[in-house]
Amino acid sequence: MITLHWVYALAGAVFAAFALLGVADRGNPRRWTTAAFWALLATSMWAGDALGDLGNGVLVLGLVALGALGLGRGDGGVPAEVRQARADRFGNRLFAIALIIPVTALAGTFLFKAAPGWFDPKQATLIALALGVLIAMTAGCLWLRAGASVPLQQGRRLMDCVGWAAILPQMLASLGAVFALAGVGDVVGAIVQQAIPQGSLIGAVIAYGLGMALFTMVMGNAFAAFPVMTAAIGIPLLIRTYHGDPAIVCAIGMLAGFCGTLLTPMAANFNLVPAALLELKDKHGVIKRQVGTAVPLLIVNIALIYWLAFP
Amino acid sequence: MMVLLGIAIIVAGFLLRFHPLLVILASAIVTGLAAGLDPLAILAAFGKAFNEARYVSIIWIVLPVVGLLEAHGLQERARGLIATMRGATVGRFLTFYLILRQMLAAVGLTSVAGHPQTVRPLVAPIAEAAAETQAGELDEDAREEIKAWAAATDNVGLFFGEDIFLAIGSILLIKGLLEQYGISLEPFQLSVWAIPTAIAALLIHGFRLWRLDKRLARIRAERAP
Numbered sequence: 000m001i002t003l004h005w006v007y008a009l010a011g012a013v014f015a016a017f018a019l020l021g022v023a024d025r026g027n028p029r030r031w032t033t034a035a036f037w038a039l040l041a042t043s044m045w046a047g048d049a050l051g052d053l054g055n056g057v058l059v060l061g062l063v064a065l066g067a068l069g070l071g072r073g074d075g076g077v078p079a080e081v082r083q084a085r086a087d088r089f090g091n092r093l094f095a096i097a098l099i100i101p102v103t104a105l106a107g108t109f110l111f112k113a114a115p116g117w118f119d120p121k122q123a124t125l126i127a128l129a130l131g132v133l134i135a136m137t138a139g140c141l142w143l144r145a146g147a148s149v150p151l152q153q154g155r156r157l158m159d160c161v162g163w164a165a166i167l168p169q170m171l172a173s174l175g176a177v178f179a180l181a182g183v184g185d186v187v188g189a190i191v192q193q194a195i196p197q198g199s200l201i202g203a204v205i206a207y208g209l210g211m212a213l214f215t216m217v218m219g220n221a222f223a224a225f226p227v228m229t230a231a232i233g234i235p236l237l238i239r240t241y242h243g244d245p246a247i248v249c250a251i252g253m254l255a256g257f258c259g260t261l262l263t264p265m266a267a268n269f270n271l272v273p274a275a276l277l278e279l280k281d282k283h284g285v286i287k288r289q290v291g292t293a294v295p296l297l298i299v300n301i302a303l304i305y306w307l308a309f310p
Numbered sequence: 000m001m002v003l004l005g006i007a008i009i010v011a012g013f014l015l016r017f018h019p020l021l022v023i024l025a026s027a028i029v030t031g032l033a034a035g036l037d038p039l040a041i042l043a044a045f046g047k048a049f050n051e052a053r054y055v056s057i058i059w060i061v062l063p064v065v066g067l068l069e070a071h072g073l074q075e076r077a078r079g080l081i082a083t084m085r086g087a088t089v090g091r092f093l094t095f096y097l098i099l100r101q102m103l104a105a106v107g108l109t110s111v112a113g114h115p116q117t118v119r120p121l122v123a124p125i126a127e128a129a130a131e132t133q134a135g136e137l138d139e140d141a142r143e144e145i146k147a148w149a150a151a152t153d154n155v156g157l158f159f160g161e162d163i164f165l166a167i168g169s170i171l172l173i174k175g176l177l178e179q180y181g182i183s184l185e186p187f188q189l190s191v192w193a194i195p196t197a198i199a200a201l202l203i204h205g206f207r208l209w210r211l212d213k214r215l216a217r218i219r220a221e222r223a224p
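Sequence order for the protein chains is Z and L.
Each residue of the first sequence is one higher than the one before, counting from 0 in numbering that gives the first Met the number 0.
Each residue of the second sequence is one higher than the one before, counting from 0 in numbering that gives the first Met the number 0.
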C-alpha cells in the first residue's frame, strides 16, 4: 500500500538533490552550510523513524546550528529577456503544467479514497500531491524540452530563497509539544480565569474570544489554545453558568483563534514562510496585510457568540 | 508560573529579531527546565515531535516544478494573459481567488491550493500584473505589497472556509473535547456555525480588496497628465 512513507522517501530524494546541487553551486558564498542543511533535512525524511527520539533531537540541533551560522543563496536564475522569449514561445502550456499539481491533488483525494487497499485513505491528498509533482515534472520536462536537471536546479534556487525558514513550521510544532509536556496551557488558563469580571456575560464572552486570539498568537496555533481556553472559560462559564449553546460557543470560538493565527509570526507556515517564498524584504509583510481583516473579524466572532449562543 | 518563561523568551526573541531557530530552541529548553525535565528528555521530546511533524515540510517538493515553469516564463505569461483581459483588477482577481479557496477548503480540499503550489507560481504574478495594468509601472514597495496581499488572501480563504468541512481537524478536536465534558455533538452541528464567520470574512476581506482597487485607480489618476 502506498503510504506517507513513500512521500517522505520522495521528499528526502528532493532535499538530497538540493544538497548535491548546492555543493556544486560556486555562486553561493555559503554553499557548504547550505548544502549540509538540506542534507540533514533529507536524512530526517529518509531515516527519521530509525533515528530514535534523541537522535532526532540531535539532528534538530544540527539544523539549528547550521541555520544560525547562516545559509546563503546561489545564482542560476534565468535572465528576464530569455524568460519573456520562452513565455511567448510556450504560451498557455505553462498554465496547463502549473495546474497539473492542484488538479491531481483534487482528483487523487477522491479516487484514492475509492481504492483504500492501494493508497492510505487518511493521507490521500498528500500522496496525490506528490504524484501530481511527479506528473507535472515529467510533463514539464518533455513539453518544454528541458533536461531532467533543470527542475531540480531551479527548485534548489527557490529553496535557497526560502532558506532556514523552511523548517520553522516544523520547529514551532515541536515547541508546542514541549509546551504541552510542561503544562504551559494549564497555567495560562488559570491566569485567564482570574482575569474575568464576575457576573458579566459579555465580559466572559469577550475574555473567551480575545483569549483564544491572544493565546493562539503566542502558540501560533489555535489547536493549542482551544482546549485551554475552553476548559478555563468556555465550559465552566459560557456553557454551564450562562447556558450557552456548546456547538456555537466552540465552533465560533475556534474561529476567533484563527483570527489570532493571521496576526502572529508564530504561525510561520502561513505568515513567515510565504514572505520568504515570495522573496519579500519585509518578513512581516503578510501579517501587516492581514491585520485589517483579522481584527474586525475577531470582533464579529465575539459578537456572533454573544448574539447566537445565548437565547 | 515558571513555565511561562518560555513564552516570554519567544515574544522577546521575535521582537528583538534574534535568529528564530535559536529563539525556539532556547524557549523549549527553558520551558522544559522550568517544568523540571531533564535536558536529554527535553531534547528527545523535541526530536520526537520534529519527526512526527515532518509532513508539514513535504510541501517543498513542489518547488522543482515551480522553478521549471518560472524559468520558462510562467510569470511573464501570467502578465501577458492579464493584459488581454479587460476589466481584470487585482481586487476582483483576488476576490475570485478568495471565494475559490474558501469553497475548496469548505469541501475539505485544503491542500489543493497554498503558498508554494498556487500563490508563488500563479496568484502572486497574476495579481502583480493586474495591479500594473491598473496603476502602471509599480515601485518595489508596491510590488511587495501586492504579493503580500496575494499571500494574505490565500490564508483568509483557507482559515475561514475549512471549518465548514465536517472532517477537518479543528471540528474533530472540538467534538473530542466536548465529549470529555459529557457533551455529545455531531460534526455537522458544529460546521454549520462556521458559515456566518465565513461570510463575514468574505465581506470584510472583499471590501478591503475593493478599496485596494480604488487606491490603485487613484495612483493612475495622479499619474495621468
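For the record, the hints were derived by calculation from the structure and aren't laboratory data.
Worth double-checking, as some hints may not be accurate.
Cut-off 27 Å, straight-line C-alpha distance, at most; resulting in silico cross-link-like pairs (DSS-like, lysine-lysine) [to be verified]:
| # | chain 1 | residue 1 | chain 2 | residue 2 |
| --- | --- | --- | --- | --- |
| 1 | Z | LYS112 | L | LYS174 |
| 2 | Z | LYS287 | L | LYS213 |
| 3 | L | LYS213 | Z | LYS280 |
| 4 | L | LYS47 | Z | LYS121 |
| 5 | L | LYS213 | Z | LYS121 |
The hints, checked one at a time:
no.: 1; hint: Z/LYS112 - L/LYS174; verdict: holds (23 Å)
no.: 2; hint: Z/LYS287 - L/LYS213; verdict: holds (19 Å)
no.: 3; hint: L/LYS213 - Z/LYS280; verdict: holds (25 Å)
no.: 4; hint: L/LYS47 - Z/LYS121; verdict: holds (21 Å)
no.: 5; hint: L/LYS213 - Z/LYS121; verdict: violated (45 Å)
Figure legend: structure checked against the earlier numbered hints; the only hint not met is number 5.
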